[in-house]
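Enquirer: If you read the sequences in order, they're chains A and B. Just remember that the working numbering sits 4 ahead of the position in the first sequence, which is counted from 1. Just remember that the working numbering sits 16 ahead of the position in the second sequence, which is counted from 1.
In case anyone wonders, no lab produced these hints; they're calculated from the structure. Check each hint, because a few of them may be wrong.
[Claimed, not checked] Partial chain A-side listing against chain B, Cβ under 8 Å, derived:
1) Gly-42
2) Ile-196
3) Leu-199
4) Met-244
5) Leu-249
6) Ala-256
7) Phe-260
8) Asp-270
9) Gly-277
10) Leu-282
11) His-285
12) Pro-350
The beta carbon of each residue, even a glycine, is placed where N, CA and C say it ideally should be.
Spelled out, the chains give:
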Amino acid sequence: MHDMSAQAHVAHHAPPTSFIRKHIFSIDHKVIGKQYYGLALVAVFVGMVLSWLMRLHLGWTNLAIPGLHWLSSTGAPGNVMTPEYYLQLMTMHGTIMVFFVLTTAPFAAFGNFFLPIQVGAEDMPFPRFNMMSFWVTLVAFLVMISSFFVSDGPTLGGWTQYAPLSAVGSVAGPGQGMGVILWASSIAIFCIGQLLGSLNFITTTLDMRTKGMSLWRLPLSTWGWFITSVMGLTAFAVLMPACILLILDHVAGTSFFVASNLVLNDQLQPHAGGSTLLWQHLFWFFGHPEVYIAIVPGMGIVSHVLTVNMRRPMLSHRVLVYSMGALAVLSYMVYGHHMFVSGMNPISSIVFSFPTLIITIPSTIIVLIWLGSLYGSRLRINSASLFALGMISMFISGGVSGFFLAQPSLDIMLHATYFVVGHFHLVMAVAAIFGIFSGTYFWFPKMFGRMMDERLGKIHFWLTFVGAYCIFMPFHYAGLAGNVRRYQAFVDDYLQPLIPLHRFITVAALATGAAQFIFLYNLIHSRYWGEKAPDNPWQATSLEWATPTTPPPYDNFGGKLPVVYHDPYQYGIEGSTGDYVMQNSPEKIQSVGEEA
Amino acid sequence: MSQADLAMEGHAPGLVTGIPPFSVPAKKMAIWLFIIADAATFAGCLVAYGFLRNGTPHWPTPFHSIVNVAIMTFILLTSSLTMLFGVRAAKAGDKSAAFRWTLITAIGGIIFALLHIREWLGLIGEGMTMFHNPWGTSLFGASFFSITGLHLLHVTGGVIALLAVGIRYMGGRYKADDLEVTGLYWHFVDLVWMFVVPLVYLLNLSH
Chain A
5 MHDMSAQAHV
15 AHHAPPTSFI
25 RKHIFSIDHK
35 VIGKQYYGLA
45 LVAVFVGMVL
55 SWLMRLHLGW
65 TNLAIPGLHW
75 LSSTGAPGNV
85 MTPEYYLQLM
95 TMHGTIMVFF
105 VLTTAPFAAF
115 GNFFLPIQVG
125 AEDMPFPRFN
135 MMSFWVTLVA
145 FLVMISSFFV
155 SDGPTLGGWT
165 QYAPLSAVGS
175 VAGPGQGMGV
185 ILWASSIAIF
195 CIGQLLGSLN
205 FITTTLDMRT
215 KGMSLWRLPL
225 STWGWFITSV
235 MGLTAFAVLM
245 PACILLILDH
255 VAGTSFFVAS
265 NLVLNDQLQP
275 HAGGSTLLWQ
285 HLFWFFGHPE
295 VYIAIVPGMG
305 IVSHVLTVNM
315 RRPMLSHRVL
325 VYSMGALAVL
335 SYMVYGHHMF
345 VSGMNPISSI
355 VFSFPTLIIT
365 IPSTIIVLIW
375 LGSLYGSRLR
385 INSASLFALG
395 MISMFISGGV
405 SGFFLAQPSL
415 DIMLHATYFV
425 VGHFHLVMAV
435 AAIFGIFSGT
445 YFWFPKMFGR
455 MMDERLGKIH
465 FWLTFVGAYC
475 IFMPFHYAGL
485 AGNVRRYQAF
495 VDDYLQPLIP
505 LHRFITVAAL
515 ATGAAQFIFL
525 YNLIHSRYWG
535 EKAPDNPWQA
545 TSLEWATPTT
555 PPPYDNFGGK
565 LPVVYHDPYQ
575 YGIEGSTGDY
585 VMQNSPEKIQ
595 SVGEEA
Chain B
17 MSQADLAMEG
27 HAPGLVTGIP
37 PFSVPAKKMA
47 IWLFIIADAA
57 TFAGCLVAYG
67 FLRNGTPHWP
77 TPFHSIVNVA
87 IMTFILLTSS
97 LTMLFGVRAA
107 KAGDKSAAFR
117 WTLITAIGGI
127 IFALLHIREW
137 LGLIGEGMTM
147 FHNPWGTSLF
157 GASFFSITGL
167 HLLHVTGGVI
177 ALLAVGIRYM
187 GGRYKADDLE
197 VTGLYWHFVD
207 LVWMFVVPLV
217 YLLNLSH
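Pulled out of the complex, with its shape left as it was, chain B reads as follows (with noise of 0.2 Å):
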């Protein structure tokens, strides 16, 4: 039978000319898949965190300045831009500037995590920890350093990943759609800080 045959029994045509269904790569879906699996599991911290939080009379709002929290989250969402910019050129065929706009974007995160870490210090600094803290119920720091610890954990492995995919696109191993796939999780983590900020930063800001 020829494939002219097949595709009249009126069954899912572009199979039979090997397209795959839904024309997305594997490794594409699997980031796709995973960043559905992710989005789960910080909505499980957050929501955890909201519960508490609405549970909790007096809950500590501790924070008087959005200066470093609003530098951090200008500096996430322009390294997602960089890493726009990288898988642009990558598509375009410029090797060195898809590179280069990779590690722009690898910095970028550099940054954010020791301005993180800055200001984790500060706090602990101030008495916060897991279990104690100056302002209220220890949950405020429990919940805190756990939430962004989860989101400093993951721009760790978003730094290792766009070093290692960027270095190896560089050497030829990895193409274009690697750094597209790693460049999806960048987005990912930048999204999900997204919802840190406000949950976290703005409805602890004190009056």
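Looking at chain A on its own, in the form it has when it is part of the complex (with noise of 0.2 Å):
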């Protein structure tokens, strides 16, 4: 009885004639997809004009950018940022780039469209949830932006949020009254998205897979995305309680996370008695998780991109799979090493330690599977294998300076630095990216029908290469050298010397930016002229390869649900189409394939 109810979940709804259930109210995984990708793309880039304008302001100062008091007359009076405006930008930067881009877009996006294709499924199985996870972040990314257009804009206290400063109210500066409670209010939106769109993931993951599509035949792409929604499952559902108790604080006259006896600006704090750090652990315990869920879609995608163009399974797709899992579990162990100079006890700083050095085990495990995996592989050389080796450079540079930061006694001096700033930004944020940039250039023909143009693919990845170590490689020195972050300027005698690297920053940062633009343009160029494409253009063998059409049709597999015979990655043997066999394929495999 329980499989027939199951069964009889799958979504077997007709597909939609009118233009708003089809393109706007749609309730098919593979448009919900494409609008999380789409809203990831207009955060990115507000996001990266965000950085432009922080980078032009931290490399001279005093510059008058045009316009920039159209955005805010009283952060940029004669287009000059104010110091106080320099840190609401970035602000939101941070939270923007976070949530709305490194979340939504490896996660949501990709894992929308193509979790569910890979399963072999139909669709979720709850759709209208589906569709309301998209609203409801669109919603969130509207609240957070319309903090932009309030009285004194938007939060300065950085995405971290930190308390008291962040509890206060407007006598903590611009922003600290509307712009933190828009800010907390728009994060427990999101916070809400995500737990319905963990919901359907691990779900479908779990009950909606097709015939023969046993755990360990799922494509690694796929089991990024489930591990990542199991971890989205708990973490959010800490930040959301979290943000209201900030809220809380702002307007029923709570002092969870206000200290007695605070003086600002002159002026004693009406509130008693709550807990500065109690913020750092509840948030934490969420943001460290957070750093997983960003980059463990992008560990799947590489993969998943790096078997295709290897024509060779990994050395170990288990390991593999453990070593995501143990990241997952690992990564909430974690979270007190974002607080070795908070005021903890020590002693917590010293059990905080331990499991972040183990956690670079699983890490480096990862990061030996794939370079024993691409050891004498003849690797087809396109975009999107090149954007993974990126990634997996990235990743590797990122994360050696986390070895140094997971030390207390080293954090002490480096944190709050752009060593830390450097740190996060390659491991992090760049390795993401580029595990995006991967999956973009990947699933482009089956998502659009069209390819995407290579040379351009090739110009932008080198480009983009180059720039992010140009921009982030002299973070790690200036860290070294004491610069500490969010200062808006560099006055300082012993950090005069630095202003020349940090010009060098910008420019870089300004040319990687631009190099984007080739991006957008291939994006949308082959969007409507790109050649069209076929259904398996990288000669692949997992299932979004095996839909009847392409981009595939409104039930995935033309009312036929595919059974699967083999492991996902059978490259590198005889097959009848050539040297791999697709996971619907009935044939028998001949030579050496992990069934083997």
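Assembling the complex is the task here: the two chains are given apart, and the hints tell you how they should meet.
Expert: This is the structure:
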């Protein structure tokens, strides 16, 4: 009886006909995936422009940026950014990038589009929840953006929104009143969207797999999304009450995050009794899993792309999956390493340092599996595989600095310097974005039925790859020189010599950002005028390449669900169609594969 | 290739026959996942409360009597039992009995909520608010109203869900499984209360 109801739940909805149900309020996971991708694209350009403004200000402190006063007349009188406005733009850059780009693009966008197809399902079990998850996320984004337009602008507290300055209201600076309320509301709404998405992802992976699709036959990208959704389920569930408590501190007169006898701007704050550390505990209990929520889908995507282009499976499919799972479990136990200098009991620092060093083991195993599998393979070089290699490069470069930061004694010196900023930008942000690019070049033909321009893709890769290192490697050097993050200008004697370095970073950031317009052009041009894509342009084996049409029809497989006979990566063998056998091909595997 | 061949490859034979791997329908799995997430939310709040309580000298302990909270707990626990009867009747195909038990469960929830609101009003009458109370740190009122408020919100949502699902079950739109799924949520609301009572009530009882 149970299996009947589970099967009956497969969404047998007829394709919609009206424009609104088809393209706007669609319950089709593929449309929702594209909507998420579009949202992330808008968000990433907002975030990138914000970073340009910040970098210009850091390079040339009193530079007038034409038109900036239109964004905020008080924040940029005469087009010159005030110190507070610098911090406000920085906060929005971090928030938009972490939540609306790094969480939505690799996880929600690609996951929505491809997870149901890769497991061989017609749709997710709760398509309405799925639609709701996108629209809720969009509302969260609009609420966040709206804070640019309230009287004193968005919050300046940084994306971590540390208490007590986030909890005492506008006495702490512009944007700390209404700006924080909007920030916390937006994030709380975002959490609801993620919960709905995670519910769908997990139930799809566990319940909607087609015949023969055992867990070990799932492609690595599906594993990445599945593990991420398990993290998202509980991490965002803790962030949401934290945000609500923060809002209560603003609107209900509570003092959860404000200690007694706090004096700000010579005013004794009326609050009493709370704990500033409590916010950090709640935030980082979410915040550290969030780092892995950003990167694990990228790991899955990159593994998937590389196996297709290496024409052979990973050294160990299972160890790779177990390692990603270990990252997820450990990600909850390491969060205190963000708080080594926050005034925790020093014993806690040691307790959190230990799992932090442990978590480098699965990360290292993953990297070694990638490198070991690449060694001696005849990798097909295309935009997707180049960005996959780039992701690995960024992850290693950013990961190495993690070994230093994991040790409390070193972190006392490096904490809140540009060293940390360089570390997390490489290991989490740029690496994840390279994963997004890799996925885009790889899956675009299936999503839109047209090929992207490979030549432009390769130019885009080299400019972005070199550019990203030019931006973020110097950050480490500046951090070692004692350059504290979040300074809006470098006026101290010891920072003066670093100004040329910062100008170099600014120029690199502008150039790398400009290179992204090549990608945008490629994306839009290929969408309408690209070469028609065949059903399986990369000779890949997983089910997304087995759909009857490209892009896939409304129910993905044209009413006939595929039956799966093989492990996901049957490459380098003698199949009837070439050196690969598709998962849904009933033919026997002749030579060595993972099944042998 | 026949299904027998597939099974011989040694890969999850259940899947070949179309039985979901864990024999859990999607709705039931989803409610369990929601319960995990919701448990994390409550855990976050209760840990925050413990963190603040431990960090505050002279935490007030104003409660004198456990009579009211004992009655509330008894009613909520009983409503879990009646829910169980309802689901059992639904599984046995006894629609009207299932509906009756669901209704009784919802009434139990309503009585619980009313008793809870009465208690709140009494405390507010004694001068306790989110930001002030006569006994000590303002955090006492803030955490009490936040945690019990979050729970009350869950009870209210549960009552609405019980009524909506119960009526649609009676009308034939929903099945016994749907009633069970709602019941799982109701038991969870009940279970969380068993954490709230000792931490928020019994710990704050004056000796």
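Enquirer: State for each hint whether it applies.
Expert: Taking the hints in turn, this is what the structure says about them:
At its closest, the beta carbon of Gly-42 (chain A) sits 27 Å from a beta carbon of chain B; the interface hint therefore is violated under the 8 Å criterion. The interface hint given for Ile-196 (chain A) is broken, as the beta carbon of that residue sits about 10 Å from the closest beta carbon of chain B, more than 8 Å. Annotation: Leu-199 (chain A) was flagged as interfacial toward chain B, and the flag holds, the nearest CB pair being 6 Å apart, inside 8 Å. Given the 8 Å rule on beta carbons, the hint for Met-244 (chain A) holds: about 6 Å separates it from the nearest Cβ of chain B.
Taken as an interface hint, Leu-249 (chain A) checks out: its beta carbon lies about 7 Å from the nearest beta carbon of chain B, inside 8 Å. Evaluation of the Ala-256 (chain A) hint against chain B yields a held restraint, the C-beta minimum of about 5 Å falling below 8 Å. Among the interface hints, the one on Phe-260 (chain A) holds; its C-beta lies about 6 Å from the nearest C-beta in chain B, closer than the 8 Å criterion. Annotation: Asp-270 (chain A) was flagged as interfacial toward chain B, and the flag is violated, the nearest CB pair being 23 Å apart, outside 8 Å.
Nearest Cβ of chain B to the Cβ of Gly-277 (chain A): about 4 Å, under the 8 Å cut. The hint holds. Restraint check, Leu-282 (chain A) versus chain B: the minimum CB separation of about 5 Å is within 8 Å; hint holds. Taking 8 Å as the C-beta cut-off, the interface hint given for His-285 (chain A) holds, the closest approach to chain B being about 7 Å. Violation of the interface hint for Pro-350 (chain A) is found here, the shortest Cβ-Cβ separation to chain B being roughly 17 Å, above the 8 Å cut-off.
The structure fails to meet hints 1, 2, 8 and 12 from the earlier list, while all remaining hints are met.
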